[in-house]
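Student: Listed below, chain by chain, are the residues.
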Amino acid sequence: MRNKNEVYYFIVHACVETICFYLLRLHYPLMLAGTIAFVYDFFAFLPQGIIGKFIENHKKLPYETIGNVLMMAAVFLVASPVHAVHVGGYVVLGIGNAVMHECGALATVTESEGKIFPSALFVSGGGVGIVIGQTMGINQVSVWFLLIPAVISEVCALAARKSVRKGVYPVFDVVNHKYSAGIILIVAFLVTAVRSYLGYAIPISWNKELWQTILLFGIMGLGKALGGYFVDRFGARRVALVSTLAAVPFLIFGDKLMVVSVIGVFFFSMTMSITFAMCLSVLRFSPGLAFGVTTAALFIGLVPAFFVRFNLYINAIFIVVFSIVCCVLLLKTLKK
Amino acid sequence: MDKLIYALLDVGIGGAVIFFGGIAAVIFIILAVVIITVSVKHIRREIKRKEDLEKSEEEESLEE
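As they're listed, the protein sequences go chains A and B.
Going by the working numbering, the first residue of the first sequence is number 1, and it counts up by one from there.
Going by the working numbering, the first residue of the second sequence is number 1, and it counts up by one from there.
Taking lysine-lysine pairs in the DSSO-like style, the calculated list, with each CA pair at most 27 Å apart, reads:
1) B/41 - B/55
2) B/55 - A/336
3) B/55 - A/335
If you're looking for bench data, these hints aren't it; they were derived computationally from the structure.
Computed from a prediction, not measured in an experiment: that's the story for all the values here.
Let the hints inform the model, and build the full structure from the sequences given.
Tutor: What follows is the structure in C-alpha cells.
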C-alpha cells in the first residue's frame, strides 16, 4: 500500500503555518511589522534548496524534530522585550519552517510514483494554517495553544520519516528536451516569481471579513491541489495554458466581486504544480534542491511588494502582461 | 536649549536607524549572495550528474 505522506504533510504544513502566522500576527501591527515579515520570509524561503540538499546528504539527523523544536524555540525568542532577540526569533522560526518544508518535499516526492499531486496536496495545506494562525494571532489567543499544532506536526512528520531518508526518487518528465536544463530552471524560476508577485498585485478589496479570508486561502489551496491532479491527468502543458490565461479576466475584474476574483485565484494557483514538476524533471536526483528553486523564486517575487506598491491600473497591466509572458514561456518549455 | 536637545536627539536616532539599517541591509545582501551562490553550485552539480547519467545510458543502449 502506498504511503499517504501527502496527507501527513498536508497536516504538518497546516500546523507549521499555524505556528508561524500566529507569531507573525501576534505583534501586528508594529512599526517593525514589514521588517519582521521580510526577515521571516528571507530565512523561510531562500535557503530551502541548501537545507534540502543537506538533508539528502546527511540522513541520520532528526530533521522533523529539529524543525519543530526550532519553531517552538522561536515562540520564546519572539516573546523577548529585547528587539534583537525578538527579531532573531523570526530568523529561527523561518529556518524551522524551511526544514519542515524540505522534509515535506522529500517525503511526498519520494512516494509519489512520478505524480505531482502528492506534493501539490502537501503545499495546499499551508493555506489552512495561514488562516488559523492569523486568526489566533490577531485575537491574541494564548500561546500555549501552539502546543497542539506542534505535537500534531511532530507525530505526522515522524510517520513519514522513512520516506524523507529513502534517497531514491521517481522520474518526472514534463519538459521539452529541446531546451537546456538551465533554461528550464530559469523559466520555472521566473514563472514562480511572477506568481508570487501577482499574489500581492491581485486586487481584492472585497476581502474584509474573516470568512472571506478563509474562502480566499481555501480556494488558493484547492487550486494548488487540483492543479497537481490536473497536471497528472491532462498534462502540464494544457494546465499551463488554462491556468495562466483563464485567470487573467477574473483577476482584473474581481477587485470588488468576490466570486469573480476567487475563480481567478483558483486558476492562478494551479501553476505551482507545473513549475515544481519542471524543476523535478531537471533536478531528478535532488527534489529538495528542486523545491528550493521554487521557494527562492517565491521570495524573489515578493521582494518588490515590500518596497513599492502600484495602483490598480498598473497592477492590471502587470497581470495581463506577466500572465501572457508566463503562458508563452511555459508552452515553449513544456512537453507536448 | 530644549529645542536644540530634541533636534540633536532626532538627528542622532535618525542617524542610528540609517546606520544600523544600512548594516542590516548589507548583511542581508551578503547572506542572499552566499545562499544563491551555494544553491547555484549545487544545481550545476546536479545537472551535470543527470547529463552524465543520460550519456552513460545512451552509450549502454548503443552497445546493446
